[in-house]
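S.K.: Sequence:
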Amino acid sequence: MKRRAKVLIAIVCTLMLAPAVAFLIYDALVFWPHRDHMRTVLKNADPLDRSPPAKVRAYIRAQHDGALPSAVVARQLHSRWLPRIGMLDWHVRSFLWERLVSLHLSQDEVLGLYASLAYNGKGQGLNSLSQRLFTKPLYALSDEEAAMVVAYTWAPGLYAQHPERLRARTDILLSRARSTQLNAL
Numbered sequence: 001m002k003r004r005a006k007v008l009i010a011i012v013c014t015l016m017l018a019p020a021v022a023f024l025i026y027d028a029l030v031f032w033p034h035r036d037h038m039r040t041v042l043k044n045a046d047p048l049d050r051s052p053p054a055k056v057r058a059y060i061r062a063q064h065d066g067a068l069p070s071a072v073v074a075r076q077l078h079s080r081w082l083p084r085i086g087m088l089d090w091h092v093r094s095f096l097w098e099r100l101v102s103l104h105l106s107q108d109e110v111l112g113l114y115a116s117l118a119y120n121g122k123g124q125g126l127n128s129l130s131q132r133l134f135t136k137p138l139y140a141l142s143d144e145e146a147a148m149v150v151a152y153t154w155a156p157g158l159y160a161q162h163p164e165r166l167r168a169r170t171d172i173l174l175s176r177a178r179s180t181q182l183n184a185l
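Counting from 1, one number per residue, gives the positions in the sequence shown under the numbering used here.
Derived by calculation from the structure, the hints in this document are not laboratory data. Among these hints, one or two may not hold up.
[What the hints assert, rightly or not] Derived pair list, reagent style DSSO-like, types lysine-lysine, alpha-carbon separation capped at 27 Å: (1) K136 to K55; (2) K122 to K43; (3) K43 to K136; (4) K55 to K43; (5) K122 to K136.
Construct the entire structure; sequences and hints are all you get.
M.R.: So, in structure tokens, the structure goes:
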């Protein structure tokens, strides 16, 4: 009986440790080598995308229900550097990269990568979208304009053809950001 208990404990310990060890190995062999690439993307980004203004940050968080957009940034990053294989592989990578982005990157880095890599219909970056839509840099936007710039990245093709839908999405972000501010008080 004691032998069975020892074997059972060994199996349980192995099953609990194996995913953690696999995660650490994936981190060291796949994620960590791309850390310098991430820093390069941030370094080469538009300064206003690299460090978006506070109101733009608030609307980015509102777009992602108050959380950092780590999942979006993770998908953008791993799809840049890793070959595409299959759907299951893509989902596993997305899961792992989201955890690793949250673990290794600061909030400022995640928001900077989000702002600089965000697809805006004709390129990337929130500041270039701001210039295109309003001929103003990000820091000069009103609250409504900043919310619209962030909202536009949710579905640029759709919103380019249906401004009324962009307006509705902008209103949602404005409402979420206001409720978050009220809850913080």
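S.K.: Give a verdict on every hint.
M.R.: Hints and how they fare:
Distance restraint check for K136 and K55: the Cα-Cα separation of roughly 15 Å lies within the 27 Å cut-off, and the hinted pair is therefore satisfied. Between K122 and K43, the direct Cα distance comes to roughly 21 Å. Compliance with the 27 Å bound is thereby established for this hinted pair. Of the pairs offered as hints, the one joining K43 and K136 holds, with about 22 Å between alpha carbons and a cut-off of 27 Å not exceeded. Simply put, K55 and K43 have alpha-carbon atoms about 22 Å apart, close enough for the 27 Å limit, and the pair holds.
Taken as a hint, the K122 and K136 pair is honoured in the structure, with Cα atoms around 17 Å apart against an allowance of 27 Å.
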